[in-house]
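Participant: What follows is each chain in one-letter form.
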Amino acid sequence: MKTIFQASGISKHYGTTCALRDANLALKAGQIHALMGENGAGKSTFVKILVGAVRPDGGEIVLAGQPVRFGSVRDALNQGVVPVYQHSTLFNQLTVLENLSAFGLGTARRSWAKRNCLDRQQANEVLRLVGLDVSLDSLVNELSLGERQLLEIARGVGRHCSVLILDEPTAALGAREADRLHETLQVLCAKGTAILYISHKIDDIKRMADAVTILRDGRTVVNAAARDDISAAQIVQHMLGQTFEPQALCVSNRGDVVVEAKDIRLAAGAQPFSLCVHQGEVLGIVGVAGSGALRLGEVLAGAASGHGATLSLSGTTQIINDRQSAMRAGIGYVPSDRHADGLFLGLSALKNASASVLQRFSSWGVLRLREEAGPFDALIAQFNLNPARLDLNASDYSGGNQQKLLFLRNLVLPNLQMLVVLEPTRGVDIGARESIHQALRELACSGIAIVVVSSDLLEVNTLCHELLVVASNRVVGRMTADAQTDAVLSMMAGAC
Amino acid sequence: MTTFIKQRSAIALGSRIGVIAIPLVVFIVCVLFVPRFLSVDNLQNVLRVGSILLIAACGQAAILIVGGIDFSMGSAVALLSVVTVILAPEHGVALAFACGMCVAVLAGLCNGLLIAYLKLPAFLVTLGMLMVLHGLASLLSGGMPLDAAPSPSFLWLGSGHVAGIPVPIVLAVLAVLSLHFLLRYTVAGRGWFLVGTNFNAAVNAGLPARRSVLLAYVVAGLFCALAGAILTSRVGSGQPNLYPDLAFATIAVCAIGGIPLNGGRGSAVQVVCGALIIAMLNNAVVLLNLTSAWQQLLMAAVIAAAVLLPQLHTVRRRYTHLFKGNAQ
Amino acid sequence: MKASTINRQARFLVAPGGLLLTVCVAGALVGDYASLGNLQNIGSQAAILALLALGQMLVMLVRGFDISVGAVAACSSTVAALTMDSLGTSSLALAVLAGLLFGGLNGVLIAYLRVQPIVATLCSMIAAQGLARLISDDGQPVVPVDASSLADLAFQNIAGIPLLLVPALICMLLVGLVLKKFTLGRHLFMVGCDPQAASLVGVDSRRVTLIAYLACGVFAGLAGAVLFCKTGTGLPTEGVSWALQSVAAAVIGGTALQGGTASVWPVFFGVLLIQALETALNIQGVSPFIAEIVMGLIILVAGGLDRLILRLFSSTTPYGES
Amino acid sequence: MMKTFIQTWRAPLALLGVAMSCVGSVGAEELAIGYAVPSLSQSFWISSSFGAEDEASKEGVKLIKLSAGGDSNVAQQISQLQSLIQRHVGAIVVGATNGDAVRAVVDQAVRQGIPVIGISSPPNSQHLASIVTADHYDMGRMQAECLGEAMQGQGDVAMLAGPAGQAWSDLRAQGFRQTLKDKFPGINVVAESRLADNRNASLNTTEDWLQRFANLKGIYSATEDMAAGAVAALRASGHLEQVKVSTSNFSPTARELLVNNEVVCSSVQQVVEQGRAALRLAVAAANKQTVEKVVSLPALKISAQDVATVNLEQVMAPANYVP
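Residue numbers (the working numbering), protein chains in the order written: chain V, 1 to 496; chain R, 1 to 328; chain S, 1 to 322; chain G, 1 to 323.
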């Protein structure tokens, strides 16, 4: 196999920060190549450079023996480098067909729109390839999240290309879809496409990647190691620059019922059910995207309507129907999409962290600014927040540290009784993931109820005392944490 | 990382100085090139005219920070003036002004309710309100300017003095101080920043986001009422066309001061700077005796310059590759 | 699926429905309101607003706005009138060119220099007003020596369609075709839905935004030319309220303020609705003050309908999460 | 069955009935006169529309009043005229926003057999049935004369000339400038503002002028509202004695200013009388009678002494009139 896409010595500065110093990568035709690294290691910048969305300051890219300079994504696309992005880049008001053809439309030279679209037969074929069963004429905002992710992948897969770059493609996929994706990628490989696969999931990588490249601190520390030459532990070590050992699960000291939720319907007309959360327990909720698992978390946090659900604190008859009353009752909440629903990106970290407890340092509506930072000093150290200060903009922190800010916000709630965390470590690097998990365990030990909703089964398994499996907008199973992974998986998949 | 932080705070400091620097430059240019600009009387004129704009702009700023916009201010002050002048002879000046100001606050409340609780787009609500309130003012006044009996008490707000300082300037200083206090030191002001930055996040953080939006419009109504009362007293009349483009003027003030229109950022200092620039400019073009055409062209150029200058460095960075590319 | 389809259609039905209602009610109250002649009349009256609203729709499609359209139209009409005597009919092309220049100014400020649309177009509005005053005698209407033939022509009908409306109709056909069939149209929708995503699939978002503003400027210039034909005069101080009216028409016609949703014909119906209502109020002799209040309420309600429909159907959207 | 039908549809049926009867009432041919003016927010047009409306009720014709909503809304006025043509009114009275711009549509009306009467600022058309006018040029001239005398022929004058592009303001300003030039060569016009067209803007502009022009002795104002703004500025800065103000139009505001000696004079049209005359002409023309080509009502110069003696009924609508 020959190297068809090679990037060497890539560097990129933003202001005085150095995102990439010396990044190297060599893709071979017909090979799946994994790119790994912690958040902040420069992965996303590197990917943006490879697909032409960002210009590098130095280094060179060679495609099929020819040095190239991509001025824009359009240039890259025209030369056969096709991206599948991590964040949704679909167009809600356009049809599935038009979205499938988005690359063709985007780079079009022909002015007649139809000429730049796939023909319907081709389009259906591509959809079948990734296992997506929707009409070509439906609008994207009629699709579920999982379907959207598949469509996003189909768009990349369906375009003939020499290099396919997938950024966290399985984040919103269930196990079955993920398997299917892997099969599809094998097919493409067989046709000679070089595939760059970016993922956090080590077992994913171990299962399917032919070679692994690891970035740390803007440098390539492992360059194209063959899969069998490197162990999972080694991968983690290279990513972190150190080793870590997973913490043992905290012993359950389940106490009284904290929150009682009755008549929850996850969709209008769905079957209602009830749920109790106890002091000191970590309750995990799993389900594939679109199953209603996230919705259940939102309902428990008071952030979404449960179609007639009543949520009450134990011992009181107080009905909680929005976030405001939920927060007053001591229910903390970390939403799944931290940029859209959690953070105030333009404001300082301190303002982000103190948003829920303005009352705590104010009297008669007047803030005592000197007291604002007080409660956070200890927590910053405990959480290993980096940079360890709160006067920077929230947007200046890496993903993991942004997630930590959201935890800080909830931990200072004066009467925290229950913390609902959706996707606690999505897009978060391993170091941050560990400190977040540790903090959740300690919280549970101190008697606070924790609800964790995650699509990452491994995470839920290491963290939770009890598991709820949600599929098709209802709870299909309830089991203790040591349950067989396979059983859970089949339950997640079986009902949907 | 540390150098990065240092540079960041340097930029922050730079932009903070920049905010004050632009009006200073305008002031110096005016002093140098505009005849008779630098006299106590004239500067008092500048400030008096600027103070009305400034007070109304304080309201607009609060709304912009919370992520909204208000086009209806011009009509609100018009309705206020008409109501005040109609009520003054029978119910006394104080009560008349109180009622008039209530009307303006009510208009703000209406805007706020429709926007925050019925989730209507601010742009359309305030646009519709602009027409409705103007129609009401015309209906009440019969379309014509109504004259107030020129009692000293009626004119005090607009042309009186407190300790030798014109009342509008005193009130403007108070308004700016209270806006500064609101934005920096109160839960309500903090709420505006949070809601304006990210409405969803504010809801999820358990903040009363809707109420926060409503409050911003009511507070803006208050500022607008104060500006309208001064204006009414100053012209001694109630008119449907009292200050038709007040809303645009205040938006321009905020834009020149550097307050972005997509919410979450802004400060009282920026409002002051924007208002001062516009007030000085308005005064200078008259003193220079420019024709109305050149007055407008100059105004457009200054707005553009004020908006573009602060982001010059980012623009240059964004397009350096063009020049680099050519060189290679 | 159905809910969203209804949602998609319903917002575009507001304007035609409102128009039908207005014509029926006014037709019942006023003698020959619903006659062909009066409908032609309404069409001819709507000619300028239709062009402006069309441009406004395009920039709103890419998440913008243009409050300079009225001033640009006035400035263009002045340009046309000034050059009429020396250039003849080609002065109309010059009017369009003037519009193009202002559209380009807006587009560059907004797309490439990242100035917010309201501020940028406020700026060019003031500049256009100033320029119009500058080239005319400080705002005096410009009367060319011979424009009477043009003005007489302006009130004719061809094939039952008012001549004044013809440019607007042609432009609407063109824009409709571009939005439906051309790659550029897809690009406009993509940028409107999500500008960043559009860049990431290879669309040059800034160029597309610039094109939208250029088109808006061209239509404003054309509106100026129509104004000149209609009045035979260059009117430098005209059009103060047109920008707001055009926004209202576009929104009533189902254009979403948050971008990404627009359709040509509903916008045209929105224009006709505003014009029909105004004509009805005029003919009935309703007090102009009350007429103003009614128009204000209509704009309020139009914004409300937009939201109401969204709310009615959003609770039943099929995907539970997000 | 029928009963339920009627019960369900009772309300709509009733409405329909009302609507039909309305149609019926319109159908009974009543002479309608269109009356289109630039703005019903100015005392001038309000007074004139009072005259027209009062006369219309005497004559028993229906008056359709239309306001373009501002001096610069030419296209709006053209649209309104189109509507009037479409409605086949008997005759149209037009106070033009711009005489040249509305010419085409006015010719259109005449071609359709609707006589058009110009009032005060008439359309610039050859085919008008009649013109009722006061001479705006003359009003400017009168201001120049009395202001010039008040200034004793010396000093600087600034002009609040009113909105640009309107026939009335342009003519008044022209008359003023020309007369000053001819009769008072010692007086200089040092500044002219066309942006300051309301009271607040006039007030601000006058304040600035007082700073700029030390030798300012007089201010011309196109309307009484602008004069009120100028006077407020003068009063506040104590310049009332030094700077004389002249104005045009008559209204409660103007009367107050005159009585207090704050303006030296106001040149006034017999506005109400114009409205009446225009309506009489319109009715006559609608009935195919021949009418006078030009009815010119002389402008009056009112100063403080005259206020008591002027027949206000001819120049101003009563205070309680709402158009």
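Treat the hints with caution; some may be incorrect.
As the list claims (entries may be wrong) - With a cut-off of at most 27 Å between alpha-carbon atoms, the simulated BS3-like pairs for lysine-lysine come out as follows: (1) V:Lys114 <-> S:Lys181; (2) S:Lys180 <-> V:Lys114; (3) V:Lys28 <-> V:Lys48; (4) V:Lys2 <-> V:Lys262.
What the hints assert, rightly or not - Residues of chain S clear of chain R, computed beta-carbon distances all greater than 10 Å: (5) Leu82; (6) Leu100; (7) Gly139; (8) Leu177; (9) Leu244; (10) Leu257; (11) Phe289; (12) Ile298; (13) Val301.
What the hints assert, rightly or not - Short derived list, chain G residues pointing at chain R, Cβ under 7 Å: (14) Ser41; (15) Ile46; (16) Asn188; (17) Leu195; (18) Asn198; (19) Leu203; (20) Asn204; (21) Asp208; (22) Asn215; (23) Lys217; (24) Asp225; (25) Ala236; (26) His239; (27) Gln242; (28) Pro318; (29) Val322.
Just so you know, these hints were derived from the structure itself, not from any lab.
Keep in mind that this is a model prediction, so the values were computed, not measured.
Note that CB positions come from ideal geometry on N, CA and C, so glycine has one too.
Participant: Work down the list of hints and note, for each, if the structure agrees.
Facilitator: Status of each hint after checking the structure:
1. With a CA separation close to 7 Å, the supplied pair V:Lys114 and S:Lys181 stays within the 27 Å bound.
2. Proposed proximity of S:Lys180 and V:Lys114 is supported: the alpha carbons are some 10 Å apart, at most 27 Å.
3. Distance check on the hinted pair: V:Lys28 and V:Lys48 sit about 20 Å apart at the alpha-carbon level, within 27 Å; holds.
4. At roughly 61 Å between alpha-carbon atoms, V:Lys2 and V:Lys262 are farther apart than 27 Å, so this suggested pair is violated.
5. With a minimum CB-CB distance of about 14 Å to chain R, S:Leu82 clears the 10 Å threshold, and the non-interface call stands.
6. Here S:Leu100 stays apart from chain R, with its beta-carbon at least about 18 Å from theirs, past the 10 Å limit.
7. With a least beta-carbon separation of about 7 Å from chain R, S:Gly139 fails to lie farther than 10 Å from that chain, contradicting its non-interface assignment.
8. With a least CB separation of 29 Å from chain R, S:Leu177 remains clear of the 10 Å interface cut-off, as annotated.
9. Non-interface call for S:Leu244 relative to chain R: violated, since the shortest CB-CB distance, roughly 6 Å, does not exceed 10 Å.
10. The Cβ of S:Leu257 sits about 5 Å from the closest Cβ of chain R, inside the 10 Å cut-off, so the non-interface label is violated.
11. The beta carbon of S:Phe289 sits about 4 Å from the closest Cβ of chain R, which is not more than 10 Å, so the claim that it is off the interface is violated.
12. Annotated as non-interface, S:Ile298 brings its C-beta within 10 Å of a C-beta of chain R; the closest such distance is 8 Å.
13. The Cβ of S:Val301 does not lie farther than 10 Å from every Cβ of chain R; its closest approach is about 8 Å, which violates its non-interface assignment.
14. A cut of 7 Å between beta carbons decides the hint on G:Ser41: the least distance to chain R is about 4 Å, and the hint holds.
15. At a threshold of 7 Å, the smallest CB-CB gap from G:Ile46 to chain R is about 6 Å, leaving the interface hint in force.
16. Residue-level restraint check for G:Asn188 is violated (minimum Cβ-Cβ distance to chain R is 12 Å; threshold 7 Å).
17. A distance limit of 7 Å between C-beta atoms decides the matter here; for G:Leu195 the minimum to chain R is near 5 Å, and the interface restraint holds.
18. For G:Asn198, the interface hint holds, since its Cβ comes within 7 Å of a Cβ in chain R; the closest pair sits about 5 Å apart.
19. Among the interface hints, the one on G:Leu203 holds; its C-beta lies about 6 Å from the nearest C-beta in chain R, closer than the 7 Å criterion.
20. Interface restraint check for G:Asn204: the shortest CB-CB distance to chain R comes to about 5 Å, inside 7 Å, so the restraint holds.
21. At a threshold of 7 Å, the smallest CB-CB gap from G:Asp208 to chain R is about 4 Å, leaving the interface hint in force.
22. Interface restraint check for G:Asn215: the shortest CB-CB distance to chain R comes to about 12 Å, outside 7 Å, so the restraint is violated.
23. For G:Lys217, the interface hint is violated, the least distance from its beta-carbon to any beta-carbon of chain R being 17 Å, above 7 Å.
24. Given the 7 Å rule on beta carbons, the hint for G:Asp225 holds: about 5 Å separates it from the nearest Cβ of chain R.
25. Taken as an interface hint, G:Ala236 checks out: its beta carbon lies about 5 Å from the nearest beta carbon of chain R, inside 7 Å.
26. Of the supplied interface hints, the one on G:His239 is violated, with its beta-carbon coming no nearer than about 11 Å to a beta-carbon of chain R, more than 7 Å.
27. This hint is violated: G:Gln242 has a C-beta 14 Å from the nearest C-beta of chain R, more than the 7 Å allowed.
28. The interface hint given for G:Pro318 is violated, since its Cβ lies 11 Å from the closest Cβ of chain R, which is over the 7 Å cut-off.
29. Against a cut-off of 7 Å between C-beta atoms, the interface hint on G:Val322 holds, since the closest Cβ of chain R lies about 4 Å away.
The structure does not agree with the numbered hints 4, 7, 9, 10, 11, 12, 13, 16, 22, 23, 26, 27 and 28 stated previously, though it agrees with the rest.
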